[in-house]
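Enquirer: First residue of the sequence shown: 175, per the working numbering; consecutive thereafter.
By construction, these hints were calculated from the structure, which means they are not laboratory data.
FRET-style restraints, in silico, Cβ to Cβ:
hint	residue 1	residue 2	range
1	P345	F257	35 to 43 Å
2	G269	D343	14 to 22 Å
3	G228	A344	40 to 48 Å
4	K359	Y303	15 to 23 Å
5	D381	A194	34 to 42 Å
6	D388	T246	13 to 21 Å
7	A285	D381	35 to 43 Å
8	P260	E341	35 to 43 Å
9	F302	V248	21 to 29 Å
For clarity, every value in this text was computed on a predicted model and none was experimentally measured.
Virtual Cβ for every residue (Gly too), placed ideally from N, Cα, C.
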Amino acid sequence: MDQVSIVTSQLRALIRHDDAMRFLFVGDSMTIGRAGDFTWRYRMWQHLEAAFDGPYEIVGPRTELYDTATNTPVSYAYGAPDFPAPARRHLAGWGEGWLHMAPVIADTVTATRADVLLVSLGLIDLGFYTDSGQTAENARAFVAAARTANPHIKAVLLPVIPNIRAESDAPFAAECDRFNELLAKAVADLDEPMSPILLASRPAGYDIHTDTYDGTHPGPTGEQKLAATFADAMHQAWGVGGPYAGGRTET
Numbered sequence: 175m176d177q178v179s180i181v182t183s184q185l186r187a188l189i190r191h192d193d194a195m196r197f198l199f200v201g202d203s204m205t206i207g208r209a210g211d212f213t214w215r216y217r218m219w220q221h222l223e224a225a226f227d228g229p230y231e232i233v234g235p236r237t238e239l240y241d242t243a244t245n246t247p248v249s250y251a252y253g254a255p256d257f258p259a260p261a262r263r264h265l266a267g268w269g270e271g272w273l274h275m276a277p278v279i280a281d282t283v284t285a286t287r288a289d290v291l292l293v294s295l296g297l298i299d300l301g302f303y304t305d306s307g308q309t310a311e312n313a314r315a316f317v318a319a320a321r322t323a324n325p326h327i328k329a330v331l332l333p334v335i336p337n338i339r340a341e342s343d344a345p346f347a348a349e350c351d352r353f354n355e356l357l358a359k360a361v362a363d364l365d366e367p368m369s370p371i372l373l374a375s376r377p378a379g380y381d382i383h384t385d386t387y388d389g390t391h392p393g394p395t396g397e398q399k400l401a402a403t404f405a406d407a408m409h410q411a412w413g414v415g416g417p418y419a420g421g422r423t424e425t
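Please put together the full structure from these sequences, using the hints given.
Expert: Laid out in structure tokens, this is it:
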């Protein structure tokens with residue numbers, strides 16, 4: 175039996191057949207989304223509805239989108255009216271990064287009983303708060319804190335993906351690349367059979383000029399690609415769900 179099969183078997187053993195797997199989205203502005211967005215969280219919900227072969231729940235203390243008119247997370251104007259309120263839950267914030275999430279993740283995991291963390295963080299840290307080394311240490315602190323609340327927590331971590339600032343700012347691009355190397359090392363160091371940590375691949379074919387609306391934040395096709403990289407990572411490594419099959423690409 176190869177390592178993926180071993181981890182998959184252990185993962186399934188950790189979840190009772192009558193117990194829902196609880197997914198928690200953790201992220202920054204790319205994950206919370208702005209008023210009018212569908213969000214990649216919506217695309218993932220569509221995927222789970224179609225491909226997940228057991229009971230599941232999306233959990234989190236927040237449901238809002240960011241209102242760019244007031245610069246506050248107070249909007250509920252999702253682009254998809256069929257996105258049910260319970261599936262809108264998350265732990266994401268405009269302008270929040272590993273620095274902000276590490277201190278709150280333990281309490282959130284305790285309160286929500288989250289089993290799987292789907293995490294997209296790092297860009298805002300590097301852009302405003304911390305250098306690559308400090309950001310990587312905050313990522314490690316985040317995982318350690320989550321495990322204090324649930325020693326069997328599972329997580330998929332997304333590296334920093336292409337963005338408009340990195341295209342024109344060479345030192346910033348270098349910091350992004352260095353952080354991604356440090357994040358990969360952290361995942362290798364922290365991965366455990368009873369609390370597996372995955373590093374997702376950068377979204378295949380991601381183009382900031384066509385998959386985002388401003389060079390950073392995903393548009394409809396970018397949302398699909400972000401959901402796909404998380405869904406495919408879980409399926410390939412753990413046998414969870416199925417390959418991402420896509421959904422509507424509303425504009």
